[in-house]
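Asks: The whole structure should be built from the sequences, with the hints applied where relevant.
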Amino acid sequence: MSAVDAAAVAAWVREFTRLVHEQRDELTRLDAAIGDADHGTNLDRGTAAAVAALGARPADDAAAVLTTVAMTLIKTVGGASGPLYGTFFLRAAGALDGDDGRAVAAAVRAGYDGVVARGRAERGDKTMLDALGPACDALDGAVAAGRSLEEALGAAAEAAAAGRDATAPLVARKGRASYLGERSAGHVDPGAASAALLVQAAATALAGRG
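Take the sequence shown: its position 58, counting from 1, is numbered 58 in the working numbering, and each next residue is one higher.
There may be inaccurate statements among the hints.
Beta-carbon label-pair distances, calculated as ranges [said to hold, decoys possible]: (1) 3 x 173: 32 to 42 Å; (2) 176 x 60: 34 to 44 Å; (3) 185 x 148: 37 to 47 Å; (4) 52 x 144: 32 to 42 Å; (5) 3 x 182: 43 to 53 Å; (6) 162 x 118: 20 to 30 Å; (7) 60 x 100: 34 to 44 Å; (8) 100 x 32: 39 to 49 Å; (9) 57 x 83: 33 to 43 Å; (10) 60 x 118: 26 to 36 Å.
Calculated directly from the structure, the hints in this document are not laboratory data.
All C-beta atoms in this analysis are idealised placements derived from N, C-alpha and C, irrespective of residue type, glycine included.
Replies: Laid out in structure tokens, this is it:
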């Protein structure tokens, strides 16, 4: 198995971009129910720009790839999503020290912690953290148990999907959706939905590595 290098991380970003584009209308539909109806469109534009930036400025190490993605998303994605996803990738870049499962888990955890700090939110607030948090826990647990990165990321993707679905009955306490109060219940959070795509993309692109 090959290590998680710059090419592998770039493949993760490309797969995330593909999934976001594929699910753009669904993400926007979810956001229309409790937000500004632009999550899918904004994230689709930003991830496409990130892939273009990687093509224009190829990086030779994984952290540099993550940094390029972070800065591009911050510049091109509107609303809260750009700063939050940008923070995730930037913090992950700063924490990535190695090319195995433990290094990936540490980077993802750092990205999650960055989103917590930037968004001043916590699990249960009906945000992307409700998908990312369970994914981090599953990834950490699987890596600590000695499972392969492919198995660990598969478990993380399942946990993220479950966390996404679990946002439906929640009342939003952060973001635009919080303005709706009780009316925000009954809808899956769009940020949690896109975060689940991020983890799913990692499970696909990094399979067989680490």
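Asks: Next, verify each hint and record whether it holds.
Replies: Here is what the structure says about each hint:
1. 3 x 173: 32 to 42 Å: For residue 3 and residue 173 the Cβ distance comes to about 40 Å; the hint holds.
2. 176 x 60: 34 to 44 Å: Between residue 176 and residue 60, where Cβ atoms are some 39 Å apart, the hint holds.
3. 185 x 148: 37 to 47 Å: Holds, at about 38 Å.
4. 52 x 144: 32 to 42 Å: Cβ of residue 52 to Cβ of residue 144: about 37 Å, so the range 32 to 42 Å holds.
5. 3 x 182: 43 to 53 Å: Given a distance of about 49 Å, which is inside 43 to 53 Å, the answer is holds.
6. 162 x 118: 20 to 30 Å: 24 Å, holds
7. 60 x 100: 34 to 44 Å: For residue 100 against residue 60, whose Cβ atoms are near 19 Å apart, the range 34 to 44 Å is violated.
8. 100 x 32: 39 to 49 Å: With a Cβ separation near 41 Å, residue 100 and residue 32 satisfy 39 to 49 Å, so the hint holds.
9. 57 x 83: 33 to 43 Å: Since residue 57 and residue 83 have Cβ atoms about 22 Å apart, the given range 33 to 43 Å is violated.
10. 60 x 118: 26 to 36 Å: 28 Å, holds
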